[in-house]
Amino acid sequence: MAAEPHTALSVRGVTRTFGGLVAVDDMSFELAEHEVLGLIGPNGSGKTTMINLISGALKASRGEIVLFGENVVGESAHAIARRGVARTFQLVRMLESMSVMENVETGGVFGHARRWGAELRDHARHNIARVGLAGKEDEPVGALTYIDQKRVELARALAADPRLLLLDEWLAGLNPTELQTGIELVEDLRSEGRTIVIVEHVMDAIRSLCDRCVVMNSGAVIADGTPREVLADDAVIAAYLGDAHV
Amino acid sequence: MTGTEKTGLAVGAAIFLAAAFVPLLSGGYGLSLAVTVVMYAVLTTSWTLFSGPTHYISLATAAFFGLGMYTVAALIDVFPYPVLLVMATAVGAVLAALIGLATLRLSGVYFVIFTLGLAEMVRQLVTWVQTTMGTSSGLVVLTGIDEPMIYWQLLALAAAVYLASWRIGRSRLGFALRIIGGDEVVARHSGINTAHAKIALFVISGSVAALTGAILAPRWTYVEPVIAFSPMLSFLVVIMALLGGVHRLWGPLLGVIPFTFLWDLVTATFPNQTALMLGLCFLLIVYIIPNGFAGLIENLIRRRPLLAG
Ligand SMILES: Nc1ncnc2c1ncn2[C@@H]1O[C@H](COP(=O)(O)OP(=O)(O)OP(=O)(O)O)[C@@H](O)[C@H]1O
Ligand SMILES: [Mg+2]
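First to last, the protein sequences are chains A and B. Taking my numbering, I'd label the letters of the first sequence as residues 1 to 246. Taking my numbering, I'd label the letters of the second sequence as residues 1 to 309.
The shape of chain A in the complex, shown without the other chains (with noise of 0.2 Å):
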């Protein structure tokens, strides 16, 4: 099972059914380093479980998910974020009892870069200023708005220095002026060559963000490739407006 060095991440076949539901069926795709994927799909077609699958939230109940050239099925979440994957949970979760600084150096102790003390401090003070809340790090995140806890999440999962970031819906719930400066930070992410899976329904900030789309439709991939390849794909089209419009 020699992966190319240069493959960060390969979904191979992999199946994961809840009871009957077949909610990720028999999925393949490639994630190269430096890459930014999208992963996007009508709702409920399977993605934040696939996310979940790679994070190791949830196990597959059939194939395998290669991560830099080793095979992570099975692994649990803990074990996964210390290989550097870190991820944002579509619905936000905040640690309500903490502060902005601690939330965000939540991120920076446990996974694979292990800082503590005043270099984990300083490591999240830049990371708070980077997403844009410098200032409010003494602040509790209950009293945040809305996309100021979307930042504390970002923030977090770049305290740890992810050698893989999985965005569930990180776009979602935004006004069309947060939108535009949410897509701005992601964008300064891609341009680092930070190696990104991002799953989203904002299709300007797909074709904006992304080298690569995979397009999911009931847990299983319909389409791949560049974001206007895919976008022109009848399927995909079928599957996003249903078969009646074709």
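Hint data in this document are derived by calculation from the structure and do not stem from the laboratory. A hint or two may mislead.
Stated by the list, open to error - Computed from the model, here is a short list of chain B residues facing chain A with C-beta under 8 Å: (1) Trp152; (2) Gln153; (3) Arg172; (4) Ile179; (5) Gly182; (6) Val185; (7) Arg188; (8) Ser190; (9) Ile192; (10) Asn193.
As the list claims (entries may be wrong) - Covered by chain B, according to a simulated footprint, are these stretches of chain A (three or more residues, beta-carbon under 8 Å): (11) 72 to 78; (12) 87 to 97; (13) 104 to 112.
Think of the CB as a built atom: it goes at the ideal place given N, C-alpha and C, for glycine as much as any other residue.
Guided by the hints, dock chain B with the ligands onto chain A, whose structure is given.
For chain B with the ligands alone, kept in the frame of chain A given last:
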């Protein structure tokens, strides 16, 4: 170390030094109350070490405490006392690790029920073994260890527990536990082995409770399951910790001191209604001061910034 930490350490050391003189100034009833206060200080502080940040309420304190006490009572004629203290601590650690492994997948209310049920099971088991294998309902503990010596041992243990808790609170492990208490999913995806972290703290907490039971064994010349494994002990520990406040290291102590005196009064006045009184105290505390005395004090300080400065 920051300035406030140094002050805290100095104040703590002064309190311990002063407390060490209690047996020289007071005997009998006074000393007996002091032993109870220090015993609960140790039990609540070590309970809080695990249950404070994780919000996993353990009702198994009596099981650890009782096993520790029984280790000493059963083997006092076989091994020297210091060896028994080590053995009791190990027994507590093993039991805690087993409970931890068994309850990894349980959360919230299931953990509470499990620990309560387990403590009861251990008690029944010891009672059964005692009545079928032994010739009496209890064990005779005859040692040369008197009340002042028990007190000093407990005080030394308390000092160790406070220092250890303080160190853990500032460590990665302490931070991990707080994150687990906040959101276990976030904890796992941040790279925390939540199972290891929880078991590690529960083992520390359980072995301290067992050691406390072992130190107290010589206090009674005759040890019975009713004394050693009293479920009341588990509840009292929870109540005192909540009364004091579990968000601060010094919180539980603020609950222990007044409650020990109050409880002494209550049990003397209503010797047959202790369970009812315990329930009432619990309701009052949870409703009136949900964050304990420590929370009250901190709110007061926050409202009067002059005092805080
Ligand atoms: N833990 C679970 N238990 C049972 N069914 C689940 C679970 N998680 C997801 N599913 C089901 O799997 C299917 C795929 O869900 P998933 O959340 O992965 O979709 P999605 O593509 O992320 O959708 P959306 O765009 O709405 O976020 C859905 O039918 C969902 O109900
Ligand atoms: Mg989703």
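> Tell me, which hint numbers fail for this structure?
Replying inline: 1, 2
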